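Could you put together the complete structure from these sequences and hints?
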Amino acid sequence: MARKVLVLGEVRDGFLRNVSFEAIGAAILAADGGEVVGVIVGESIQSFGDELIQYGADRVVTVEDAKLGQYTSDGYAQAILAVIDAEKPEGIIFGHTALGKDLAPRIAGKLNSGLISDVTSIEEAGGNLVFTRPIYSGKAFEKKIVTDGVIFATIRPNNIEPLRKDESRTGAVSSLRVEIKDLRAIIKDVIRKATDGVDLSEAKVVIAGGRGVKSEEGFKPLKELAQVLGGAVGASRGACDANYCEYSLQIGQTGKVVTPDLYIACGISGAIQHLAGMSNSKVIVAINKDPEANIFKIADYGIVGDLFEVVPLLIEECKKLKINA
Amino acid sequence: MNIYVLLKRTFDTEEKITLVNGKINEDGVEFIINPYDEYAVEEAIQVRDAQGGEVTVVTVANEFAEKQLRTALAMGADKAVLINIEEDVAYGDPFTTAKIISEYLKDKDADLIIAGNVAIDGGSGQVGPRVAELLNIPYITTITQLKIDGINVSVTRDVEGDAEIIETSLPLLVTAQQGLNEPRYPSLPGIMKARKKPFEELELDDLDIEEADVAAKTKTIEIFLPSKKEAGKVLSGDMSEQVKELVQLLRAEAKVI
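Sequence lines, in order, name chains A and B.
My numbering applies: residue -8 is where the first sequence begins, and numbers increase by one.
My numbering applies: residue 74 is where the second sequence begins, and numbers increase by one.
Take the hints with a grain of salt, since some may be wrong.
Unchecked claim - Under the rule of at most 25 Å between Cα atoms (straight-line distance), these lysine-lysine pairs were calculated in the DSS-like manner:
no.	chain 1	residue 1	chain 2	residue 2
1	B	Lys181	A	Lys101
2	A	Lys280	B	Lys302
3	B	Lys302	A	Lys134
4	A	Lys195	A	Lys288
5	B	Lys306	A	Lys288
6	B	Lys152	B	Lys181
7	A	Lys184	A	Lys211
8	B	Lys302	A	Lys288
9	A	Lys156	A	Lys(-5)
Unchecked claim - A partial selection of chain A residues facing chain B, derived with a Cβ cut-off under 10 Å:
no.	residue
10	Arg3
11	Leu94
12	Pro125
13	Lys184
Hints in this document: simulated from the structure, not taken from any laboratory.
Keep in mind the model is a prediction, meaning the values are calculated, not measured.
Don't be surprised by glycine CBs; every beta carbon is placed ideally from N, CA and C.
This is the structure:
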């Protein structure tokens, strides 16, 4: 059944996020031959419209306003609800990012609609659009359908394939004027703490440390390896509770759930609560002194050894690889 | 200050998940207050102790959630409300829960509503923002700090590792992120007192809600467990050789670097 599907293009730090291209991939599946309309909201974002089209959107609507320069749920909700009102889509897809998680439930609340959050795959089956999503932080999965109203979903980064960028694709980029008023919450300041711009939940490579890292200082080689591989650093609850790193790095049932292409667990024993947050990664490497550690049971490759010996060697080897490439 | 906490009873984080007849098996499972809601209860108690007022914990669940509500009372909350939907709602979703909570809260003049940012079972993270939208009050999700001065509120919010400092005002709904506080354990006198604190049990009828008004907008058609991962290859030999082999495998076999 052909549907018109709206996709939010999320701009962060001057770039469209990769998850937005994945969202277009998801929207094309959901549209089933119908039109895919991109939406971009912000301040001077007109130029991003073409890029969404090159990734598969048929056309793009932008809403620009000085009050939309920073994300606020009040500002963005007004802008996107105006686009929804004008376009009357049958489907809506956002990325399941900090922004998507914050905004999508509000819009669903306003639309009196359902919302299927954190989707990892989409298929058409038995006349229904079926969404698969993890529950219990990935210890199980459920398949869901929308039974009433607009089909609305947020998709987890790194799970749904984007289309290849096609620079010859063209489409209309139009702008909608929306009067943004009454922002009830104002962002006064943003303190940057995230590592080198690679977001943990979107990273293709995650280097995670556990209690075995032993100190804040002990995370240094992990950070270096992450940098060499273009990845992000994560941690187990044990490492966070011991104050070796910030809670925002925590991976597990409490904390973030990640599904990178490559997960390297360093000095992590593999408690159930941690495994819930990472066991659906595509390839898992475990480095641990204890050959009996639980983490080896789910690792694709394991090295029994001291992470402070293994990780520096790994950095050297990966560097060589880069030079040869 | 009139403070409400939205609480959910969830599986303990150390529980394994098994299925019986295609459904999640709850037999013999240890239940807890959803960890993020524990931060919410703690924060509510701290705000009340600093500002005065009353903390009411609310859940939408079945009768078994009484235990988790009593725990919140033992931590220091003043009142508990169990909205028991077992008889009325066969299948609910976040729309259902948010609608019921907002119907309950609409005439309560809440100054501050605190929820966890996500429940570790369903993991949708929708109920907080939906309730705020239905009550038409502002909300801030994933907060790690809350400062209240009169009706002015300054909040620190975790955004993918970065911190946003946000200014807003009461009435307000916030959702708790890890790092907000260190939840206290219930004390023995706290547990004794909790038995005598006001505990209200309501059904949809008491809130003048028709089942059709809260009918789910989505439906689960299947639950399954992820395919079990086979233990892989543990390398051996000289350490620098192992590392070389690993990098080779990641490149040639797994094709991830």
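So, going through the hints one by one against the coordinates:
1. At most 25 Å may separate the alpha-carbon atoms for a hinted pair to count; Lys181 of chain B and Lys101 of chain A meet this at roughly 21 Å.
2. The hinted pair formed by Lys280 of chain A and Lys302 of chain B meets the criterion: a straight-line CA distance of about 21 Å does not exceed 25 Å.
3. Using a Cα cut-off of 25 Å, the hinted pair Lys302 of chain B and Lys134 of chain A holds, with the two alpha carbons roughly 21 Å apart.
4. Restraint check: the Cα-Cα separation between Lys195 of chain A and Lys288 of chain A comes to about 22 Å, which is no more than 25 Å; the hinted pair holds.
5. As the CA atoms of Lys306 of chain B and Lys288 of chain A are separated by approximately 10 Å, the hinted pair is consistent with the 25 Å bound.
6. Taking the CA atoms of Lys152 of chain B and Lys181 of chain B, the gap is about 13 Å. The hint holds against a cut of 25 Å.
7. A C-alpha spacing of about 16 Å is found between Lys184 of chain A and Lys211 of chain A, which places the hinted pair at or below 25 Å, so the restraint holds.
8. In summary, the hint linking Lys302 of chain B to Lys288 of chain A is supported, as the alpha carbons are separated by about 8 Å, within the 25 Å threshold.
9. A threshold of 25 Å between alpha carbons decides the hint, and for Lys156 of chain A with Lys(-5) of chain A the separation of about 21 Å falls inside it, so the pair holds.
10. With a cut of 10 Å, the hint placing Arg3 of chain A at the interface with chain B holds, because the nearest CB-to-CB distance is about 9 Å.
11. Proximity of Leu94 of chain A to chain B holds as hinted, the smallest CB-CB distance being about 8 Å (cut-off 10 Å).
12. Of the supplied interface hints, the one on Pro125 of chain A holds, with its beta-carbon coming within about 7 Å of a beta-carbon of chain B, less than 10 Å.
13. A hinted interface residue such as Lys184 of chain A counts as satisfied when its beta carbon comes closer than 10 Å to some beta carbon of chain B; here the least separation is about 5 Å, so the hint holds.
Violated hints are absent here; each numbered hint is respected by the structure.
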